[in-house]
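Number of protein chains: 2
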Amino acid sequence: MNHPTERVIVTEVGMRDGLQSISRIMSTDDKKRWIDAAWEAGIRSMEVASFVPAKLLPQMADAEAVIAHALTLEGLVVTALVPNVKGAQRAIESGVHRIVAPISVSVAHSLSNVRKTPEEMLGAFAEMCSLAKGHAETIAGLSTVFGCTLQGNVPYDDIGHITRQALEAGADVVALGDTTGQATPRQVGEIIDLVRGIAGHRLRSVHFHDTRGLGLANTLIALQHGIRELDSSLAGLGGCPHAPGATGNVNTEDLVFMLQSMGYETGIDMEKLIASRSVLEQALPGELLYGYLARAGVPSQFHESKVTR
Amino acid sequence: MNHPTERVIVTEVGMRDGLQSISRIMSTDDKKRWIDAAWEAGIRSMEVASFVPAKLLPQMADAEAVIAHALTLEGLVVTALVPNVKGAQRAIESGVHRIVAPISVSVAHSLSNVRKTPEEMLGAFAEMCSLAKGHAETIAGLSTVFGCTLQGNVPYDDIGHITRQALEAGADVVALGDTTGQATPRQVGEIIDLVRGIAGHRLRSVHFHDTRGLGLANTLIALQHGIRELDSSLAGLGGCPHAPGATGNVNTEDLVFMLQSMGYETGIDMEKLIASRSVLEQALPGELLYGYLARAGVPSQFHESKVTR
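In the order they appear, the protein sequences are chains A and H.
So in full-length UniProt numbering, spot 241 of the first sequence is number 241, and the numbers just go up one at a time.
So in full-length UniProt numbering, spot 42 of the second sequence is number 42, and the numbers just go up one at a time.
Next comes chain A alone, as it looks inside the complex (with noise of 0.2 angstroms):
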């Protein structure tokens, strides 16, 4: 299980994920901040922003500005989540690399999430796929394939069914989020083959979050099930207004940790990321910031241990 020369992405969604959570609005400036501290601690790949009604999602009314100035940074791939048409038709404008729809495969989170059906959801995503043809990346972001606390079980042929209407809706990737903090590794496991089954290479990141603990053990399983993109917050904020007690992503700190001392290559710099977590608490003072690396350290001999191994 050990690949000591692999990479794996880290994708940092903070900048989405995080603050949707929060009902605080972190100014532009704050973001582009977080977004220069992120890019100097050698993450490569962000989701800035999403392109929702400023009437429903204040805190991403700054979408626009915010890519703009990820698109400055040289070699960062920028992504941005669209819940429906117009915002893909937004995103696309604005010069994103990759846009992330969220198609729900538990019927009533979809209705509370984007209030359209799955079905209705792929019908607006296969719009979205023409549009953004040869602009942007395309990815399909099963959301609640771990569990749902609407609906409760999800079964696995709907999520075969679902993710065989979004490739042929176009997506250029599957990416499978545990959108309400339910996932176990077991099931990660399975769940994972069974896409790869119908997706093959197109599915490529998963994306968890640690409501009940479990956030690194079923990354752990992700990679040893050939997941190589994973997403995560820094200070796990975050979290998905839509699914009650579905609190904070994977802290980033921590999978970068885990990632490197298992021999991954990351291109991440832990202090400088751990650093990065200062300008949350200025721009977001009182704000609950998680992480166990920021507050235990690095341990000392980390890089020795790596070679002598």
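Hints may contain errors.
Part of the chain H face toward chain A, derived, beta carbon under 8 angstroms [claimed, not checked]:
no.	residue
1	Trp39
2	Asn153
3	Arg186
4	Leu214
5	Gly226
6	Ser261
7	Gly263
8	Gly286
9	Leu289
It should be emphasised that the hints constitute simulated quantities derived from the structure, not laboratory data.
The C-beta atom is built at its ideal place from N, Cα and C for all residues, glycine as well.
Using the hints, position chain H against chain A.
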């Protein structure tokens, strides 16, 4: 990697490792209440005390009384930690089923923890094993095998050497302890394989701390490498006073949730386990209780999802 009918033994060590790491003293009655609540929740293995001079650890001064109570509970395997021969004598007289001696692979930690070099400690351990023969099972609790905050790196050769010597001294069981909270997944697999190559089936259990958020990820690897006995603390209490920065054992509630989600049988009722935290809340008001599951709750469709998966 799934073994749906396999049993995993969870050893609650909070009454020893948890309580020794906080300055407050839990009354004997409260300890009994905790042991009863853990037993009610289905836990059948507990490390309930350590036999250290009361001057050094007043939290453990009532070891005999606590053990006498624990031994009244049907089917409960009772373990005590013993740092020296005198402690082992007291423990054996108390009637415990198992004694665990901390044998540090790191010289610096060994001197700090038991005021003996590893070699001196192994000499004492041989005496303990003679005394225990026919009375109690002896566990060589190999400490700091995954790194030491005082010494730095712990070479694999030293781990192998100490393992062999502990077996020669008469250890019935070898246990691996991440005393300082530095274990990482890849290393866990490597060290378990190394020690199993020497100790075979006598390598039985692991003891992880959650210092850097990797407790459950490390546990997952241990399970994949054949370990079926795991130490943990209710509410993640615990740590080692002689290993700076090493906070919190793996959380029992989160561990049991992960194990059961993977189909392992633990015999433990999660709701009762969560409810047993109230003993700590009452006995140690204001003490920080960790744990994700207790906050997020067991997913409502958890049992269903096991059946339909």
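Hints, one by one, checked against the model:
Given the 8 angstroms rule on beta carbons, the hint for Trp39 of chain H is violated: about 24 angstroms separates it from the nearest Cβ of chain A. Against a cut-off of 8 angstroms between C-beta atoms, the interface hint on Asn153 of chain H holds, since the closest Cβ of chain A lies about 5 angstroms away. The criterion of a C-beta within 8 angstroms of any C-beta in chain A is met by Arg186 of chain H, whose closest approach is roughly 4 angstroms, and the hint holds. Annotation: interface hint on Leu214 of chain H holds; nearest CB of chain A at approximately 6 angstroms, less than 8 angstroms.
With a least beta-carbon distance of about 15 angstroms to chain A, the hint placing Gly226 of chain H at the interface is violated under the 8 angstroms criterion. The beta carbon of Ser261 of chain H comes within 3 angstroms of a beta carbon in chain A, closer than 8 angstroms, and the hint placing it at the interface holds. The interface hint given for Gly263 of chain H holds, since its Cβ lies 6 angstroms from the closest Cβ of chain A, which is under the 8 angstroms cut-off. Because the closest C-beta pair between Gly286 of chain H and chain A is about 19 angstroms apart, greater than 8 angstroms, the hint is violated.
Evaluation of the Leu289 of chain H hint against chain A yields a violated restraint, the C-beta minimum of about 13 angstroms exceeding 8 angstroms.
The earlier numbered hints that this structure contradicts are 1, 5, 8, 9.
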